[in-house]
Structure formats: structure tokens, C-alpha cells
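> Top line first, the protein sequences correspond to chains L and Z.
Quick note on my numbering: the first sequence kicks off at 1 and runs consecutively.
Quick note on my numbering: the second sequence kicks off at 1001 and runs consecutively.
Think of the hints as simulated: they come from the structure by calculation, not from any bench.
Nothing here was measured: the structure is a model prediction, and the numbers come from that model.
Hints may contain errors.
[To be verified] Under the rule of at most 35 angstroms between Cα atoms (straight-line distance), these lysine-lysine pairs were calculated in the DSBU-like manner:
hint : chain 1 : residue 1 : chain 2 : residue 2
1    : Z       : K1262     : L       : K28
2    : Z       : K1106     : Z       : K1152
3    : Z       : K1252     : L       : K28
4    : Z       : K1152     : L       : K126
5    : L       : K89       : Z       : K1082
6    : Z       : K1167     : L       : K28
7    : Z       : K1012     : L       : K28
8    : L       : K28       : Z       : K1332
9    : Z       : K1086     : Z       : K1051
10   : Z       : K1148     : L       : K40
11   : L       : K89       : Z       : K1252
12   : L       : K36       : Z       : K1304
13   : L       : K9        : Z       : K1152
14   : L       : K89       : L       : K136
15   : L       : K36       : Z       : K1152
16   : Z       : K1082     : L       : K126
17   : L       : K132      : L       : K89
18   : Z       : K1152     : L       : K56
19   : L       : K55       : Z       : K1043
20   : Z       : K1252     : L       : K36
21   : L       : K28       : Z       : K1085
22   : Z       : K1086     : L       : K36
23   : Z       : K1086     : L       : K11
24   : Z       : K1152     : L       : K11
25   : Z       : K1167     : Z       : K1381
26   : L       : K40       : Z       : K1043
27   : Z       : K1252     : Z       : K1262
28   : L       : K36       : Z       : K1262
29   : L       : K126      : L       : K55
30   : L       : K36       : Z       : K1167
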Amino acid sequence: MTTLEGKIKGKAWKFGDNVDTDAIIPGKYLVINQSKELAKHAFENVRPEFATRVKKGDIIVAGENFGSGSSREHAPLALKENVSIIIAKSFARIFFRNAINIGLPVLESDTTEIDEGDILEVDLTKGIIFDKTKNKAFEVSELPIFVRRIIESGGLVNYVREHVLQEEEQMQRWTELEME
Amino acid sequence: MGQTISEKIFSKSVSREVYAGEFVEANIDMAMIHDITGPLAVKTLFDLTDKVWDPDKVIVIFDHQVPADSIAAAVNHRELRKFAKKEGILNYDVQEGICHQVMVEKGHVLPGELVIGADSHTCTYGAVGAFATGVGSTDMGVALATGKLWFKVPETIRFEVNGKLGKRIYPKDLILHIIGNVGVNGATYRACEFGGETIESMDIPARMTMCNMAIEMGGKTGIVEPDEETAAFLEQRAVGADVALHSDEDSKRDIRSYDAAKIVPVVARPHQVDDVVPVTEVEGTKVDQVFIGSCTNGRYEDLKVAAEIAQDEKISREVRLIVIPASRTEYKRALKDGVIDILTDAGALVEAPCCGPCMGGSFGILGPGEVGLTTSNRNFKGRQGSPDAYVYLCSPATAAASAIAGTIADPRRF
Chain L
1 MTTLEGKIKG KAWKFGDNVD TDAIIPGKYL VINQSKELAK HAFENVRPEF
51 ATRVKKGDII VAGENFGSGS SREHAPLALK ENVSIIIAKS FARIFFRNAI
101 NIGLPVLESD TTEIDEGDIL EVDLTKGIIF DKTKNKAFEV SELPIFVRRI
151 IESGGLVNYV REHVLQEEEQ MQRWTELEME
Chain Z
1001 MGQTISEKIF SKSVSREVYA GEFVEANIDM AMIHDITGPL AVKTLFDLTD
1051 KVWDPDKVIV IFDHQVPADS IAAAVNHREL RKFAKKEGIL NYDVQEGICH
1101 QVMVEKGHVL PGELVIGADS HTCTYGAVGA FATGVGSTDM GVALATGKLW
1151 FKVPETIRFE VNGKLGKRIY PKDLILHIIG NVGVNGATYR ACEFGGETIE
1201 SMDIPARMTM CNMAIEMGGK TGIVEPDEET AAFLEQRAVG ADVALHSDED
1251 SKRDIRSYDA AKIVPVVARP HQVDDVVPVT EVEGTKVDQV FIGSCTNGRY
1301 EDLKVAAEIA QDEKISREVR LIVIPASRTE YKRALKDGVI DILTDAGALV
1351 EAPCCGPCMG GSFGILGPGE VGLTTSNRNF KGRQGSPDAY VYLCSPATAA
1401 ASAIAGTIAD PRRF
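Given only the sequences and the hints, what does the whole structure look like? Please build it.
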């Protein structure tokens, strides 16, 4: 489970602006539903070496509008297998939601000065990215509290289990008690 | 302060007045899943609970890989069929057409509703005045389980278009022009409201083309305020359509104005939807494959325009033209009045209704170095097959003219 307490450390893979969902996972692999299998084809068309060279915990660093295009959750799933966090200047809306929903942390920050291969340490609690290679810290845009609660739960399914469904069950119990 | 149509729809859904920027847990009026995103959504649903919240508010449509083009696709279809049957959910099988077309033409979407679909082009339904937005499989699974989903009520950009589109210039040229103008993330997180006399004079299929591409500028939805045109369209398809909903004059909207008379035929060049230039700038570019179809431009009206241009003509021997009607209904209309005949006589390959080459996961794939011209909505690198292919987006008129010429051609000359 990813929590806001945890520190994340990994090597940066640098991407540019407008990395779309077809670049992350081509359409022909969407019949696959398993994260591990999808990961074998991540960025296949744009960075063929990614899938074999990525190490558990590595970090994706990108420019504007990361994840634009399709609603395919296969895209964040293909990355979650190995990637610990995605940092971009901005994200496309559906990708942003999907990543959070499956418990893959995403952060918005100015990534201009971070280079390919830099070793990064991300403190999610303090909202700081520390570039160990450059010995420099970067601030991140704060996530809305509501979104942070989903990440703290480890994704939307757990969040709904912990909050929504339990509240509903509680409501139902109250109603039943009142009926009695 | 007044409310935008989007704020009004969210307010109705949560039974209190809400405005842009607020986080809400909204009640869903209708949910759509298809053969690609459906299996993951159903898995999430069963992780949470053992049945759908309301089978009457869920629709399953097969369109991306139909008829099944692989064993994996056949398995996805089989499992979704079983799921729909067990839950008592309406399931349009492989014959019916593209999900977004089917949802609107069968009257499953009404003005003022909050609709989600596990596909980014769900924003298309804004053409009938619904707030419709694409979500991922986990969001969808949660909605299937609970009937609710969290949203941030979006700010609105109103694209105010006045004037008349010129000869052989279409809604596709207009929406590509707008995207070229604001950029691929120019409307991120925001509702794209289309209005003004140009939009008011459009029929529902044309409005669908406009709303369909709102996501290509990052928009959360595309929406047109419902009117008499909407009421007439829904009259035979649905009951209870209320077309009174509109944005208040004093609501907070970022208004961008456009003059339709100034729009020219355009294409979006590879590999970005906002790389939009006049057709004249790329005229003469050799083309290998032309595709007329998709949820953007596969309707009867689109095929008819193509047929007008292809009448008594032959497509270039250097080009393959693939035509795919957006649905069985649209296919039948085009068959009945000879549109399919004209296109077939001209040399087109007509396929049965489905998404076709649009997402590059099935057939009609482009090879390395090939140039594709398409009426669909995305020209991302590798989207239609090889990452070394080049895809241009255009209107059905430009597509037909170019198929005849063998190179990208200005439809005004046809």
C-alpha cells in the first residue's frame, strides 16, 4: 500500500510533453487485463528499451499533459508494475484519476531541471522532490484533500470499502433499527 | 450568481446548488461499458460487491473488436455477455455499432442527465444536452457498485460560434480549428460548452462531431444546450426529454468567440491533434489509406457527403478507401438510399459497423512509412498501427476528395 507517509526513491526516466495513452500502451494490447503482462509493452512504440530496462521503483518524469487521450486504465496499470510515481508538469484528466484510483501516485511539479537518470527522492508528506544527482529540491503542487484520502487508502476500491460502503451499511443498520 | 448548464446538472445530481471547483459525490443516471474497458470495470465491481447497483442504468456494448478478432477478444465478449445476462443488463452485441452512436441514437441519453462511459469519447453525448464524461475502469467499477462517483464540478469554456460554414466546410473543420487554436490541453479539466447560431443551426449528428472531440483539447465534456432540435431528435427515441436546461447569462464562463465564415477545410497533421493547418498547406501529400468512419464521423450524414463527392468518380488506384458506418441503423440508412452503392462503385471497401482502424487494435492497420487520412479523432504516433506511419485527421469531404485524388485534396474543388 502506498501511503503519504512513505518516501519514494528511484531513477528518473525523462519524457516530454503530451505523452499520450497510445504511447504508454498501444491499442493492440488492450485485450490484456493483467498489469504484469501489460508492463511488457509499456512505451513499446516510443521507447522500446523501457520495458526491459525499467527497475522496480523507477520514476517517470514528464512535461505537460501526461497521459492524454484514451480512458484506458491499461495505461497506468502498465506502469504501476514497476514505476513508483509519475511526476509531470501537468496531467490529462482521465489518466490522473485512473492513476490515483489504482494507487499509483502522481504529482505535479516543474520538471524542467530534472534529467534522465537523476536519482530522486520524493517525500509525499512534505510535498518535496529531492534530486540527489543535482542536490536540489523541487516543490510540488498540493493535491486536494479528497484526492489525498484516496491515495492514503491505497486506491479508490479500498477508499470505497472503507468509507462509502461502510457508511451505507451503517445507514442501513440505522434505518433497520428505527424500523424496529 | 447564475449557473452553467454543467453546474445545474451536478446540482440536480446531488440535490443542492453546487458550483465549479466543488468536490461532489454525484448520482449517476446512466453508465456505459464496452468490450475493451468493460472486463476491468466488472472485476472492480465484484471486488466491491456482488451485484450492479441498478441494471436499468447500465449498458454493455461491443464495438472495439467486433466480430471477435482474437481469442482474447472472444473471451472478453463471452464474459461480458454472461455478466450482462446474469445482471439483467441491456447488451448490444457485435452487430449494433459504435457505443457512443448507439447510446445516442437509441435514446439512452437524455438532456440534463449525468452519464459516464468507460471510454474517453463519452463526451459525445453532450450533443443532446447531457453531462457525459469518460472514466477509467476503476471509477466505472465503483459506479457500477454504488451508483455514485466523485467529481470536481468543472469550470466552463464556452465556444461561441456565429456565422455560416462555407461550401464543403463541416463541423469537423470547425472543431479541428478550435482544437488547433486552444491546444491539446487548452481545456483540461473543463467543460466545453458549444453555442452560438452556428451550433444552434447544426443537427444532432453535427453536434455529436463537435462534442466528440472535446476530449482532444483535454475537456471533461462537450455540451450543447438542448433546444427544439434536441427535442425533435429525441421525440421518437425516448420519453421524458426536458430541453429547458441552459446556462444562465450571468454564470461564470470563459467565452471564446469564433466566426464560422472564416473556417476553411483543415487537417490535423501527424502526430498531434492540435497541429491543425489549412488543407491547402498539405495539398498533394501522397496518401495510402483513407478511413471514413468512427464515432466522430461515421454517421449517415458523413457517408452522404462522401458519396456526393464520390458520385461517378473512381478512387485512386494508389489508395485504399475503408468506409465503416457508425451503427447498424446508419448502415441501413446509407444502404437504402444508395450511398453505400456509390461508395462501393467508386472502389471503397465497406466494413460492418465498429470502431475499425481508429484505435489500431483490430484491422485496417497502417504499415511503416504509410500515410493514413482519417475522419476519426486521434492521430497519435502508432495509434493506427505502425509507430512509423503518419496519420492526418480531416472531414469526410476532405477524406473522399483525397481518396479520389490519391493525395490530400481540397474538397472545395469537388
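> Could you run down the list of hints and mark each one as holding or not?
Hints and how they fare:
For the proposed pair K1262(Z) and K28(L), the alpha carbon gap of about 39 angstroms is over 35 angstroms, so the pair is violated. A hinted pair counts as satisfied when its Cα atoms are at most 35 angstroms apart, and K1106(Z) with K1152(Z) qualifies at roughly 29 angstroms. With a C-alpha separation of about 42 angstroms, the suggested pairing of K1252(Z) with K28(L) is violated against the 35 angstroms cut-off. For the proposed pair K1152(Z) and K126(L), the alpha carbon gap of about 24 angstroms is at most 35 angstroms, so the pair holds.
A hinted pair counts as satisfied when its Cα atoms are at most 35 angstroms apart, and K89(L) with K1082(Z) does not qualify at roughly 43 angstroms. This hinted pair does not check out: K1167(Z) and K28(L) have alpha carbons roughly 38 angstroms apart, beyond 35 angstroms. Between K1012(Z) and K28(L) the alpha-carbon distance is near 40 angstroms, which puts this suggested pair outside the 35 angstroms criterion. With a C-alpha separation of about 29 angstroms, the suggested pairing of K28(L) with K1332(Z) holds against the 35 angstroms cut-off.
Of the pairs offered as hints, the one joining K1086(Z) and K1051(Z) holds, with about 9 angstroms between alpha carbons and a cut-off of 35 angstroms not exceeded. For the proposed pair K1148(Z) and K40(L), the alpha carbon gap of about 34 angstroms is at most 35 angstroms, so the pair holds. Distance hint between K89(L) and K1252(Z) is fulfilled; the C-alpha atoms sit about 27 angstroms from each other, no more than 35 angstroms. Distance check on the hinted pair: K36(L) and K1304(Z) sit about 46 angstroms apart at the alpha-carbon level, beyond 35 angstroms; violated.
With a C-alpha separation of about 31 angstroms, the suggested pair K9(L) and K1152(Z) falls inside the 35 angstroms cut-off, and the hint holds. As the CA atoms of K89(L) and K136(L) are separated by approximately 17 angstroms, the hinted pair is consistent with the 35 angstroms bound. Restraint check for K36(L) and K1152(Z): satisfied, since their Cα atoms lie roughly 32 angstroms apart, inside the 35 angstroms limit. As the CA atoms of K1082(Z) and K126(L) are separated by approximately 48 angstroms, the hinted pair breaks the 35 angstroms bound.
Annotation: proposed proximity of K132(L) to K89(L) holds, straight-line Cα distance about 20 angstroms (limit 35 angstroms). Only pairs whose Cα atoms come within 35 angstroms are accepted, and K1152(Z) paired with K56(L) is accepted, the gap being roughly 33 angstroms. Restraint check for K55(L) and K1043(Z): satisfied, since their Cα atoms lie roughly 28 angstroms apart, inside the 35 angstroms limit. For the hint pairing K1252(Z) with K36(L), the CA-to-CA distance comes to about 45 angstroms; that exceeds 35 angstroms, so the pair is violated.
Between K28(L) and K1085(Z) the CA atoms are separated by roughly 27 angstroms; this keeps the pair inside 35 angstroms, and the hint holds. With a C-alpha separation of about 30 angstroms, the suggested pairing of K1086(Z) with K36(L) holds against the 35 angstroms cut-off. Annotation: proposed proximity of K1086(Z) to K11(L) is violated, straight-line Cα distance about 47 angstroms (limit 35 angstroms). Proposed proximity of K1152(Z) and K11(L) is supported: the alpha carbons are some 33 angstroms apart, at most 35 angstroms.
Annotation: proposed proximity of K1167(Z) to K1381(Z) holds, straight-line Cα distance about 32 angstroms (limit 35 angstroms). For the hint pairing K40(L) with K1043(Z), the CA-to-CA distance comes to about 22 angstroms; that is within 35 angstroms, so the pair holds. Between the alpha carbons of K1252(Z) and K1262(Z) the distance comes to roughly 27 angstroms, so the proposed pair stays at or under 35 angstroms and holds. In summary, the hint linking K36(L) to K1262(Z) is not supported, as the alpha carbons are separated by about 50 angstroms, beyond the 35 angstroms threshold.
Simply put, K126(L) and K55(L) have alpha-carbon atoms about 25 angstroms apart, close enough for the 35 angstroms limit, and the pair holds. Proposed proximity of K36(L) and K1167(Z) is contradicted: the alpha carbons are some 52 angstroms apart, above 35 angstroms.
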